[in-house]
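Novice: Sequence:
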Amino acid sequence: MLCQKLDLFAQAVVAIDGSKFKAVNNRDRNFTNAKLKRRLEQIEESIARYLSQLDTADRHEGAVAEAKAGRLKDKIAILKQQMQGLKAMELRLRDAPDQQISLTDPDARSMATSGRGTGIVGYNVQTAVDAKNHLIVAHEVTNVGNDRGQLAMMAEQARAATGITELTVVADRGYFSGDEILACDQAGITPFVPKPLNSNSKAEGRFGKPDFIYIASDDEYRRPAGQRLIKRFTTVEAGMTLDIYWSSACPRCPIKAQCTTGPERRVRRWVHEAVIDAMQERLDRDPEKMRVRRQTVEHPFGTIKFWMGATHFLMKTLARVRTEMSLHVLAYNLKRVMQLLGIGGLIAAIMA
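Be aware that the sequence shown starts at 1, since it is given in this note's numbering, and climbs by one per residue.
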């Protein structure tokens with residue numbers, strides 16, 4: 001409210017991003033089916049190795065051999081005890097709603113991070129940052145490991161916090177979701193989110209969907225070879241209503257091998273695809289929006305993590321972690337406004 005009064009949200013653009021923060025839960029005290037399977041395999045290999053060493057020790061005589069055999073038996077007993085504990089955990093995992101259990105902080109979850117094959121046990125912190133003064137206008141803490149379902153919620157929170165009705169939000173590819181982009185559009189919020197680069201056809205050297213040009217006036221697609229794909233039927237896949245297009249000229253096409261390995265190339269179009277097309281046109285006209293996102297949203301995360309230190313969160317459970325994050329965001333915003341107005345200016349604004 002104070003920032004609104006001081007007109008610090010003059011630019012109607014916010015950048016949205018998420019970052020993983022460590023919880024008070026060691027990775028060894030977080031269990032998933034994959035981790036359990038891997039750990040059980042390691043224990044079985046260790047037991048087999050110790051049994052082989054025990055057979056070798058039994059062939060020798062003397063106090064040294066007996067002592068070694070005793071140590072090996074103790075190790076095997078410990079490993080079997082660990083295996084029993086893991087088997088019990090396996091039963092608990094079957095009843096867990098998301099097939100994951102954390103022993104120290106029950107709400108913390110194992111999440112992948114940007115490094116290949118790396119991850120942490122923690123929380124996914126979402127922020128919406130004002131593009132002009134880099135103030136965190138909205139934030140949320142979740143234990144969902146991806147950002148795909150967060151765009152509309154964060155955009156609505158940002159609009160409520162800034163008081164800006166015609167808001168523009170910028171986010172990276174991790175936020176791309178047709179339903180989320182449609183929700184923003186229907187709420188009067190303008191999103192800029194690039195499409196993920198995950199076309200199987202492109203990866204295999206064939207034409208991708210962007211190579212087929214949609215002709216809105218005819219509700220048809222133009223193929224790279226020039227012919228038209230016409231709408232054949234409508235179906236529902238994964239809860240999305242899709243129109244299916246193809247051309248009867250496909251079998252005779254001279255470049256069919258560059259297009260499809262099947263009888264004909266089929267193109268699926270979501271019934272609300274026009275919203276995605278309009279957003280892509282905005283991105284093509286204004287590619288600098290992605291640079292704005294990087295320059296805006298990544299610095300606050302780095303600053304707050306630096307303040308937190310290596311441990312990140314100190315509290316346990318989602319409710320307490322949300323409170324802890326709120327205090328960090330408040331401290332960040334106060335220091336940011338002090339940089340903008342000076343300490344005297346902030347005090348004067350608070351007293352006014």
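Please keep in mind that the hints were generated in silico from the structure rather than gathered at the bench. Cβ atoms here follow ideal geometry from the backbone N, Cα and C, with glycine treated the same way. Among the clues, some could well be false.
[What the hints assert, rightly or not] Calculated lysine-lysine pairs in the PhoX-like style (CA-CA distance at most 25 Å, straight line):
#1 209 to 132
#2 289 to 209
#3 35 to 87
#4 22 to 335
#5 305 to 335
#6 22 to 195
#7 20 to 256
#8 87 to 68
#9 20 to 35
#10 37 to 22
#11 5 to 22
#12 195 to 209
#13 132 to 231
#14 5 to 20
#15 231 to 20
#16 256 to 289
#17 35 to 68
#18 316 to 305
#19 305 to 132
#20 20 to 209
#21 202 to 256
#22 20 to 195
#23 256 to 132
#24 231 to 22
#25 75 to 37
#26 80 to 37
#27 256 to 35
#28 289 to 195
#29 5 to 209
#30 37 to 73
[To be verified] Simulated restraints on C-beta separations:
#31 248 to 216: 34 to 44 Å
#32 29 to 230: 55 to 65 Å
#33 342 to 307: 36 to 46 Å
Novice: Does residue 202 pair with residue 256 here, judged by a C-alpha cut-off of 25 Å?
Specialist: holds (14 Å)
Novice: Take a quick look at whether residue 316 and residue 305 sit within 25 Å of each other, Cα to Cα.
Specialist: Given that 25 Å is the threshold and the Cα spacing comes to 17 Å, the pair holds.
Novice: Is it true that the CA of residue 22 sits at most 25 Å from the CA of residue 335?
Specialist: holds (24 Å)
Novice: Given the hinted pair residue 209 and residue 132, is their alpha-carbon gap at most 25 Å?
Specialist: violated (36 Å)
Novice: Holds or violated: residue 256 with residue 132, Cα cutoff 25 Å?
Specialist: Violated, because 50 Å separates the two Cα atoms, which is more than 25 Å.
Novice: Within 25 Å, alpha carbon to alpha carbon, are residue 22 and residue 195?
Specialist: Measuring from Cα to Cα gives roughly 29 Å; hence the hint is violated.
Novice: Do the alpha carbons of residue 75 and residue 37 lie within 25 Å of each other, as the hint requires?
Specialist: holds (20 Å)
Novice: Do the alpha carbons of residue 20 and residue 35 lie within 25 Å of each other, as the hint requires?
Specialist: holds (20 Å)
Novice: Check the hint pairing residue 20 with residue 256 against an upper bound of 25 Å on the C-alpha distance.
Specialist: Violated: residue 20 and residue 256 sit about 45 Å apart, past 25 Å.
Novice: For a C-alpha distance cap of 25 Å, please report whether residue 256 and residue 35 respect it.
Specialist: Not OK: residue 256 and residue 35 at ~44 Å, beyond 25 Å, violated.
Novice: State, for the Cβ atoms of residue 342 and residue 307, whether the hinted interval 36 to 46 Å holds or is violated.
Specialist: violated (21 Å)
Novice: If you draw a straight line from the CA of residue 37 to the CA of residue 73, is it 25 Å or shorter?
Specialist: This hinted pair holds, its Cα atoms lying about 24 Å apart.
Hints 1, 6, 7, 8, 11, 13, 14, 15, 16, 17, 20, 23, 24, 27, 29, 31, 33 from the earlier list are contradicted by this structure; the remaining hints agree with it.
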